Amino acid sequence: MGDKAPPETRVPLTRRGLFAGAATLAVSACGGGRSSAPMNTAGPTGPPRRGGTLRLPLTAEPIAPAFDMGTSAAGSVGTAAIATLAYNGLVEVSDGKVVPQLAEAWDRASPTRYVFDLRRDVVFHDGTPFDAAAVKANFDRLLDPEGDGVNLPPFLESVKVLGRHQVEMRLSRPAASFLPSLRRGRVMMMSPVAVAKFAKSDPFRASVGTGPYVFKEYRAGNVIRLERNDDYWGDDNYLDAITFTIIPDTNTQIMAFLNDEFDMIDVLPGKASQVKRRRDAVWRENTGNTFNYLTFNQTVKPFDNADVRRGFSAALDREGIAAGIYGGHAKAAHGPFSPAIGPAFEDLSGGAAQAYSVDEAKKFLARAGYDFGAEVAFNAFTQSPWAQEADAMAAQLEQVGVNVRLNKEDFGSWADRIYTSRDFALTNSGQTTRTVDPDEVIYPLVHSKGDLNVSGVDDPELDDLLEKARAEDDPGLRAEMYHDVARLVADNAYAAFTVWPSTLTAMSPKVGGYAFSPGGTHGAAQCWLSA
Amino acid sequence: MLAVRLNRARRLGPRVVLPLAGSVLQAAVVAAATFVVFLLMRLIPGDPARILAGPGGSVTPEQVERTRRELGLDDPIALQYWNWITDAVRGDFGNSLVLNDTVAELLADRLVITLQLSVYAFTLAVVLAIPLSLVAARRQGAIADKLSRLAGATGVAVPSFWLALLLIIVAQGVLPTFGYAPLSEGLGAHLGHMLLPALALGAGFATLVFETTRAGLIDTLSSDYVRTARAFQIPERRIYGRYALRNAFLPTLTIFGLEAGALMAGALLVENAFALPGMGRLIVQGVLSRDYPVVQACILVIVVVFVAVNLLMDLLYAVVDPRVRRSRG
Amino acid sequence: MAERTTPVAALLRPLTQKITWSVLAVFVLVAAAAPLLAPYDPAAQDLRNTLMPPGPGHLLGTDEFGRDQLSRLFHAVRSSLLISLATTAAVAAAGIPLGLLAGYARGFANVVIARAIDVGLALPSLVLALGLIAALGAGMRSTVIALAVGYTPYLARVVRGVVLRVRQEEYVESARVSNVPPWRIAVRHVVPNTLGVTSVQLTLIFAFAVIGEAGLSFVGLGVQPPTASLGNLLADGSAHSLDLPILTVAPGLVIAVLVITLLFAGDGVRDALDPRRRR
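Which chain is which? The protein sequence lines are A, B and C, in order. 355 is the number that UniProt numbering gives to position 355 of the first sequence; each next residue is one higher, with no gaps. 286 is the number that UniProt numbering gives to position 286 of the second sequence; each next residue is one higher, with no gaps. 221 is the number that UniProt numbering gives to position 221 of the third sequence; each next residue is one higher, with no gaps.
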């Protein structure tokens with residue numbers, strides 16, 4: 001499922017709040033822009049070493065109830081990422097492929113029936129054995145209509161225990177995105193004993209998984225500490241401990257990192273040049289399936305007119321935004337899917353509706369008979385980098401003669417306006433959830449019944465395509481369907497896609513084993529520290 | 001100065017007893033202030049239920065509705081307020097809607113930090129400002145006056161968050177620049193972590209105290225009775241001790257009282273810059289995420305602290321200036 | 001001590017005051033002529049030339065949108081002075097009468113007003129401001145409202161403190177004894193005596209408005225771009241304090257000079273208005 005706009009509702013204190021976008025495929029190397037200093041990408045060599053404490057800052061505190069993956073807390077990208085250090089999923093997604101984790105093997109007995117064989121050597125941190133009953137208990141919480149679990153796998157209907165280590169899952173209809181949706185980072189297995197005992201009274205104590213690290217301490221507003229799970233079924237938990245120190249101000253975080261008080265830090269693209277002052281820092285830059293966009297309330301005039309939307313879209317200088325707002329650590333977007341999505345990607349940069357051209361923009365608007373005298377309200381929120389992107393877009397729209405009035409609110413007010421009262425004409429946001437499947441990326445946003453379809457896109461042809469693509473099993477055919485989806489969305493300018501931002505991580509040269517995961521697993525999961 | 005206070009306190013005697021009417025008024029202030037915030041929080045658009053339900057896309061309207069019901073957000077505001085204040089009086093502040101703790105626990109942890117920060121900032125401000133203001137007022141218009149005014153002015157002329165930033169850059173590697181060390185980790189570590197934040201927060205107050213004390217001193221020094229005293233050749237020491245400082249102290253006391261409220265607000269930016277998990281940070285986060293129980297409890301605590309400090313200041317007023325005592329009594 | 005002269009002459013007598021008011025005049029001039037002085041349109045973005053160091057084309061460099069920092073600084077002085085002026089005016093209009101009433105009224109009115117001021121004071125101004133701006137939306141108007149609401153009780157209480165003191169002065173006592181009507185006592189004795197402290201407080205508030213706006217900008221809820229204000233220049237620049245310090249140092253210095261000048265100006269006004277000092 002997609003996030004609405006900013007990844008966290010835990011509103012960061014500073015305007016340069018957090019940026020938690022993210023997703024797939026290492027593109028690495030240095031970003032362009034003025035940040036001319038080369039970025040070192042070589043970490044320590046040699047075999048992983050055991051021991052040491054990895055220190056990280058955390059911008060936004062986990063949302064309540066802490067790390068209870070059976071609740072809406074699992075919907076927060078940041079909370080879920082930390083949780084992946086203590087939990088496992090039934091499967092993991094690696095290089096675009098679904099690979100075993102707590103489920104050793106699976107069999108698709110029919111298009112709507114899966115049978116999973118579970119690992120037999122796994123126990124939860126509290127000693128509870130991991131078995132079929134535990135899996136059922138976890139999914140039943142998500143399936144409970146009275147519960148407040150999120151991230152329910154698509155069309156999952158029931159879970160049945162077939163044997164001590166075998167479960168069956170039944171779907172109401174076939175879904176190609178079902179298996180990847182079971183990944184760690186999205187659906188995580190908690191100890192049913194701990195959940196029953198503590199979920200209501202003390203969610204942190206209920207946060208008991210099977211993962212490489214164990215939640216030890218959580219002082220709200222201060223620090224979260226995880227320690228190695230000595231009984232881990234895997235062998236890649238090298239660190240003694242991982243600490244997250246909660247520091248909402250990213251300037252303070254950067255200063256502490258420069259001072260070697262942190263080993264690893266997520267960097268807002270616009271701030272990379274500051275972090276580069278640490279000369280020995282090792283960098284990872286990844287672009288994923290995230291995208292930023294300007295969107296229109298298509299249920300009101302003039303945005304019911306596709307040419308008006310195309311005109312607005314063509315007015316946006318995507319390269320400029322990537323270079324200026326993101327310091328080069330983003331790529332101009334011409335559609336919803338970035339190359340990171342895999343075969344579903346198709347280069348759409350040729351289309352006039354999603355490429356920058358002042359002339360084309362004026363032509364589109366003239367064709368639509370656009371009223372340049374009318375004032376258009378642009379509702380944005382005061383959180384970086386979306387706030388800055390809104391400033392840039394407003395200025396660019398003025399360039400083609402559109403009379404824009406930019407009105408920024410804090411995130412809470414904005415979310416209310418956009419998602420509840422839908423009282424807006426123009427707004428910008430970002431799709432920031434870690435996603436691995438094109439269905440997760442696009443369905444919620446543009447399907448007429450999509451959860452995040454606030455702009456009122458209602459295109460029967462598109463709906464039909466999305467439904468079919470969901471159920472299509474042939475990867476080649478499915479990819480082609482998503483090419484069509486992307487073209488439809490882009491050409492009709494159901495949104496104006498601006499950039500695919502990078503996820504930037506800077507590390508001390510002692511950190512090895514960092515792995516960017518498009519599916520949401522924390523990059524530190526397999527980290528180690530050299531001597 | 002101290003002698004004057006002690007002397008007055010002795011003479012004040014049994015008057016330092018809170019009249020019952022006074023407490024009722026103070027309670028009314030607390031109730032009114034918390035109600036204003038209660039109302040304001042509900043006027044702001046943004047539904048805590050929605051925020052609580054999380055940023056994920058799979059929030060159903062039924063889920064939102066259920067959380068609203070559970071939180072009692074559909075009750076009339078007056079009823080909500082009544083429920084809240086009656087629980088609060090019993091010490092039950094409920095759970096944070098967003099943070100992973102009960103409000104009481106959150107407050108207990110953070111209030112300590114903010115109070116410590118405030119006390120240190122205040123102490124620094126007074127230690128810096130009072131001697132400076134004496135020098136400045138005595139030599140009004142002289143170089144010493146001008147220089148101390150310039151120094152004082154710089155304190156307020158630099159926004160605290162900016163000063164914090166500069167201090168962090170300057171002190172990097174010398175002093176800890178972020179985080180909190182409780183007293184249990186040793187006095188040195190504790191004060192080391194607090195020094196920079198206290199400086200950043202105290203600078204503005206130092207100026208305030210300095211300006212007000214100086215203005216008050218000059219006012220008094222040019223007043224008729226001081227002229228008269230001088231005409232009678234009463235020693236300058238005595239004039240300062242007996243008349244000038246005492247009268248100049250009135251507006252300064254007012255400032256102290258005022259700052260008790262402003263302090264929390266100032267603390268938040270500073271706490272943010274130095275990553276101190278104090279109450280300022282808690283309250284801003286609360287407002288922005290519509291975490292009603294947290295905001296209300298914070299406001300209640302701040303108002304109670306404020307009222308208590310001001311009560312103390314009123315008493316000091318009476319100690320310093322017997323005429324006020326007479327007129328109030 | 002000045003001789004009996006016109007207030008303006010008395011004000012400008014000391015050298016410090018001559019300097020102070022000259023500097024203020026420069027600020028006002030820059031504010032008034034900002035559009036003429038600025039070499040570029042302060043809102044014109046150039047996303048391919050962001051964060052340029054100072055050079056011949058851009059004397060103070062460019063900001064994160066590639067806007068000319070010098071031009072923005074000129075316009076920022078303009079909007080910041082406007083914000084502070086509006087805030088101070090609003091605070092004075094509300095705070096002085098409130099303070100006079102609270103200090104001078106007796107009985108029930110005294111109690112109610114004094115406690116109302118206490119309520120206002122007890123609520124941290126920045127928190128109130130956050131709430132108000134969340135309700136009103138960010139912008140210049142909201143900034144002024146939020147700041148004014150925050151500072152009004154503050155001024156009112158200081159005025160009240162002075163009134164309480166002046167009320168006890170012998171000449172006021174004797175006027176009361178000789179049945180001079182209360183409003184005449186207020187106008188003739190009380191108000192002039194409050195002017196000194198009030199003017200000092202108002203200049204402080206003027207200065208605080210500059211600082212307060214910076215704080216709101218820092219939280220992202222101050223004056224919104226593309227409008228430049230000293231506060232949002234400072235806050236935006238502080239995000240680049242390590243790689244391009246000029247972005248935050250320049251507006252920081254302007255704020256410091258402005259505020260310091262205001263403090264000295266307030267002092268001068270106070271001296272010039274003080275009836276005892278002109279005697």
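Rather than coming from a laboratory, the hints here were simulated on the basis of the structure. Certain hints may be false.
Stated by the list, open to error - Okay, the calculated bits of chain B under chain A, using three or more residues with CB under 8 Å as the criterion:
| id | stretch |
| --- | --- |
| 1 | 104-114 |
| 2 | 159-169 |
| 3 | 172-181 |
| 4 | 215-229 |
Claimed, not checked - Residues from chain B that face chain C, not an exhaustive set, calculated with beta carbons under 8 Å:
| id | residue |
| --- | --- |
| 5 | L25 |
| 6 | F38 |
| 7 | L40 |
| 8 | P76 |
| 9 | A144 |
| 10 | L150 |
| 11 | V156 |
| 12 | S184 |
| 13 | L312 |
Note that the coordinates shown come from a computational prediction; the quantities given were computed from them, not determined experimentally. The beta carbon of each residue, even a glycine, is placed where N, CA and C say it ideally should be.
Inset, instruction - Would you list, in rising numerical order, the hints stated earlier that this structure does not obey? - result: Result: hints 4, 6, 8, 9, 12 and 13 break, sorted rising.
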